[in-house]
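Student: Those protein sequence lines, which keep their order, are chains Y and D.
Just so it is clear: in the first sequence, position 136 is 136 by the working numbering, and no numbers are missing.
Just so it is clear: in the second sequence, position 80 is 80 by the working numbering, and no numbers are missing.
In case anyone wonders, no lab produced these hints; they're calculated from the structure.
Backbone N, C-alpha and C fix where the C-beta goes; we use that ideal spot for every residue, glycine too.
Incorrect hints may have been included.
Claimed, not checked - BS3-like, lysine-lysine: derived pairs with alpha carbons at most 30 Å apart:
(1) Lys242/Y - Lys242/D
(2) Lys127/Y - Lys102/Y
(3) Lys127/D - Lys203/D
(4) Lys304/Y - Lys102/D
(5) Lys304/D - Lys102/Y
(6) Lys304/D - Lys203/Y
(7) Lys203/D - Lys127/Y
Claimed, not checked - Derived Cβ-Cβ restraints for the label pairs, each shown as a range:
(8) Ala273/D - Glu144/Y: 50 to 56 Å
(9) Glu44/D - Asp230/Y: 50 to 56 Å
(10) Val294/Y - Asp71/D: 30 to 36 Å
(11) Ala262/Y - Asp249/D: 19 to 25 Å
(12) Gly37/Y - Lys304/D: 54 to 60 Å
There are 2 protein chains.
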Amino acid sequence: MGASRVGFVGLGSMGLGMARNVLGAGLPVRGYDIAAGARNALAEAGGEAVESAAEAATDVDALVLMVVDADQVRDALFGPGGAAAAMRGGATVVLCSTISPKSVAEISSEVDAAGLSLLDAPVSGGKVGADAGTLTVMAAGSEEAFESARPVLEAVSGRIHRVGDEPGLGAAYKVVHQLAAGVHLVAAAELMTLGAKAGCDPKTLFEIVSGSAGSSWMFNDRVPRMLEGDLRPRSMVDIFVKDLGLVLDTGSEVRSPLPLAAAARQMLLAASAMGYGEFDDSAVLKAYEAAAGVGNADSPAPRKPD
Amino acid sequence: MGASRVGFVGLGSMGLGMARNVLGAGLPVRGYDIAAGARNALAEAGGEAVESAAEAATDVDALVLMVVDADQVRDALFGPGGAAAAMRGGATVVLCSTISPKSVAEISSEVDAAGLSLLDAPVSGGKVGADAGTLTVMAAGSEEAFESARPVLEAVSGRIHRVGDEPGLGAAYKVVHQLAAGVHLVAAAELMTLGAKAGCDPKTLFEIVSGSAGSSWMFNDRVPRMLEGDLRPRSMVDIFVKDLGLVLDTGSEVRSPLPLAAAARQMLLAASAMGYGEFDDSAVLKAYEAAAGVGNADSPAPRKPD
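Start from the sequences and build out the full structure, keeping to the hints where you can.
Tutor: Structure follows, in structure tokens:
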């Protein structure tokens, strides 16, 4: 008997990198994505590309879901051509998408009812971590589900945290984590815009802050993209609009006021409204520049009201 | 002729550590602080403690000012017993306090008029950096002022950035830097409160976030104090109320909207209003806990309105 086959649904900027690392660990991968380009990329990496979630789920011990939101998770599992009906009894759904703790708990009940088990296993580290196999995993679920997923998690992760037994708790950690990532991203844009208007040289300012008490992982990672104006999407503005939405929903649900997360999401919404939703999330800088009148030197000043 | 004598005014949690490192570099120090305890600590460290700013400034090539705000800077230089009249012509005032770029520019003109020169040299790194001699310096001023201050800066700093010739620009970098430090501090408290209410174990949450894309220098430094409830002041809540006030004033002046910095300052103000102004700045957690109803288990729930 060879190594267990692993199924994947969702081969975007995160899922494809993860699938490649699972293949690299010697586990066969059968994967599906709605986009033909993503399926072709899996085949080129040595995986088996199939035409539905059901096919990806057939004959696997663990099925990794790395789609965007809760609707896509439900569709992949229970929609037409969905995975749940095709999986063998007792197999494990490894849910890596960032969705709300409440949605995870609901989906877990439905997965249980279908005779399967769910490991709530969101990840942090972005495309870089997915490509390098150094993601942080926050896993919650039964011992059996965790052990069944372990070979997959070890292939994609540098740090596996088993945070509890109840699916939903992994999502809670991930959503709470996103508060910091999102606020730090937006703070970086707020700082760089203020600095430019206050007469600081942007590159010197980056050098000083990134080596001082003002530094953050997001500042150090995203500001170089802001300085270069490199807006090719690695993580998109609209993904953070969604993630900070989950943060705020969770805050509402557990009654925890979140003034910084709320303000940060408004600036990402502004960037999305300006047309940058599918650009790199460092494009939140554009919303600050617009609000601060940066880059309008060629435009005539508004007329005074009559 | 021995090494140049260095004057200090302000021997608080920052100034004393800096003076010790200047002494450690072999430069004699003559220092003044309004608090007798601080003067005694300087004497114990091998410095000469004196009874006024004027005495500290007598016969020095460089006078370091490490007092709290612009009023204290003016008082130390031009008030009764002030330093400016006692300094020899051409000596350098090394202004390390965090004050506004505008105040620095104004004070610099007054210092010039007194026949002295000013190096605008705010620092980042807190008490830890001051004690270790690893502060980041953001210096602006003439070549002569910079060279005159260099032995002092090298004794206290791991990274000296000369950012320009005009006093005020160093302050601009420092104030802009404080936006990130302040927002990251408050975000850490917002995150930890949300996490506790959402069912996360605080220590596990710290471990995950501090090793992931949500990490920041402030998160990693301050959350351990929050977890231990260690509120002994290293940097105080009221210092960040002041610093984020400078950030917002600068944003108003150069017309750069700062939604995150504005929200962060409100939470620090709340902590100050609750009586934590002179406690460690990690006490901003108390404002979040109050807002989220954490720690009220023993209090009766408020009655419903009639």
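Student: With reference to the structure, classify each hint as holding or not holding.
Tutor: Taking the hints in turn, this is what the structure says about them:
1. Lys242/Y - Lys242/D: 34 Å, violated
2. Lys127/Y - Lys102/Y: Holds, at roughly 26 Å.
3. Lys127/D - Lys203/D: 25 Å, holds
4. Lys304/Y - Lys102/D: Given that 30 Å is the threshold and the Cα spacing comes to 29 Å, the pair holds.
5. Lys304/D - Lys102/Y: Distance of about 28 Å is within 30 Å: holds.
6. Lys304/D - Lys203/Y: 56 Å, violated
7. Lys203/D - Lys127/Y: 27 Å, holds
8. Ala273/D - Glu144/Y: 50 to 56 Å: 51 Å, holds
9. Glu44/D - Asp230/Y: 50 to 56 Å: 54 Å, holds
10. Val294/Y - Asp71/D: 30 to 36 Å: Between valine 294/Y and aspartate 71/D, where Cβ atoms are some 33 Å apart, the hint holds.
11. Ala262/Y - Asp249/D: 19 to 25 Å: Between alanine 262/Y and aspartate 249/D, where Cβ atoms are some 24 Å apart, the hint holds.
12. Gly37/Y - Lys304/D: 54 to 60 Å: 58 Å, holds
Hint check: violations occur at hints 1, 6; the rest are consistent with the structure.
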